[in-house]
Amino acid sequence: MPIPATPFPMIDDAIDQLNQHKATWLKLPIATKLNYLQGVIDRTAANAERWAHAACQAKGLSPQSPLAGEEWVSGPWALIKAMQSLSVTLKSYQAGTPRTPTAVRTRRDGQVIAQVFPQSIYDRLLLSGVHSEVWMEPGVTVANLPQHMGLVYRDPPAEGKVALVLGAGNISSIAPLDTLYKLYAEAQVIILKMNPVNEYLGAIFEDIFAQFVSDGFLRFAYGGAEVGEYIVMHAGLDEIHITGSARTHDAIVYGGGEEGQARKARNTPRHQKRITSELGAVCPVIVVPGPWDAADIQHQAANIATMKMHNAGFNCVAAQVALLPESWNQREALLDAVRAIFKASEARPAYYPGAAQRQQAAVSAHPNAERLNQRDVPTTLIANIDRDALEDICFRDEAFGGVLSTTNLPGNTAAEFLKNAVKFANEQLWGTLGANIIIHPQTMRE
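If you read the sequence shown in our numbering, its first letter stands for residue 1, the second for the next number, and so on.
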């Protein structure tokens with residue numbers, strides 16, 4: 001049952017309360033902020049089962065299904081893990097010995113790269129083989145890197161700010177993680193507008209963040225575009241963060257309809273609020289040819305299928321286009337393995353609004369589209385799209401659902417193919433959010 005939209009007078013009061021408390025949050029000592037953070041960790045643990053089960057129910061999953069693990073891992077576990085890591089970092093600042101990257105290196109062009117994960121033996125055990133790096137902006141050197149870390153604690157801003165977080169509707173931990181980032185990395189107080197798709201989690205989040213709410217550092221809002229529009233344009237708001245689509249971003253910055261399009265063409269935003277965004281894109285998975293055996297084919301086919309179908313395909317960074325080597329003799333075997341996995345995978349509803357329309361738009365443009373199961377919105381493979389069809393819907397529009405397409409690119413060697421694939425991804429696929437490269441270790445060494 002939908003949650004009633006937050007009335008505008010309540011929003012006015014919420015933003016007024018946040019403005020009254022923004023200076024307090026900014027000036028709180030780290031020790032006090034650590035107490036708030038521990039409260040989030042404890043309350044998340046207490047609400048974890050309730051959270052995961054609510055998400056399963058909303059997405060049409062049995063809590064006993066293996067797929068329910070997605071809701072635990074990308075929900076309460078993700079939030080607790082991130083907050084535990086943040087707690088370690090804050091304690092290092094409190095002690096006067098700020099945490100540093102586990103390794104730092106410099107590329108030949110001078111760009112500094114800091115490895116930030118794994119940080120502990122537990123990281124290595126739980127996510128074996130996973131490494132995360134931050135590639136620094138020009139001007140950052142190995143010597144001055146520490147001066148570019150934890151700026152809000154090294155050189156706090158003169159004034160606090162009120163920020164709007166427009167919560168994501170797909171992965172349930174994104175909204176609380178975005179909220180905590182703004183609170184702790186930017187020292188801002190927050191009005192969190194829940195997405196109508198997963199507003200059922202609002203009561204759980206309000207419980208988890210109860211101490212922030214009671215002390216005036218966080219407020220929640222519910223409703224559709226009208227509520228979001230009212231908050232965006234509110235005079236008491238300083239900043240905005242959105243996780244969503246480019247269309248939503250443009251509507252926030254420029255407005256809707258023809259007037260919004262005209263503003264975008266002139267690059268004249270309708271407000272001057274700082275906005276940060278994580279927006280969906282047409283994300284590629286680049287498959288580099290190499291000496292793969294049958295086990296490699298099956299393993300990487302499962303990887304590709306998972307990149308597409310995690311959370312039923314409703315991920316901004318989900319694989320949408322597989323860039324394959326046209327002369328590789330194992331290309332069809334890999335595609336057949338992906339087909340088989342899609343066909344055999346557990347049925348799950350396409351819970352996110354608009355999925356059927358987006359899938360049908362892609363299918364209508366491709367008579368050869370393969371519907372690979374009997375779900376309400378079938379998982380769909382569109383293979384061998386002409387690489388020169390640069391305006392193809394699969395290259396230009398985010399599918400945000402169970403549609404995977406492929407195109408074949410030239411290259412007499414693995415290195416030549418990879419160069420062509422990177423160029424194609426950067427220049428022809430819409431958006432810049434993410435990309436995957438699958439390469440055999442032997443090929444990488446060569």
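Hint data in this document are derived by calculation from the structure and do not stem from the laboratory.
One should not assume that every hint holds.
What the hints assert, rightly or not - The list that follows gives simulated cross-link-like pairs (lysine-lysine, PhoX-like), each with its CA atoms no further than 20 Å apart:
| hint | residue 1 | residue 2 |
| --- | --- | --- |
| 1 | LYS91 | LYS81 |
| 2 | LYS343 | LYS423 |
| 3 | LYS27 | LYS91 |
| 4 | LYS27 | LYS81 |
Which earlier hints can't be squared with this structure?
-> Hints 2 and 4 not satisfied by this model.
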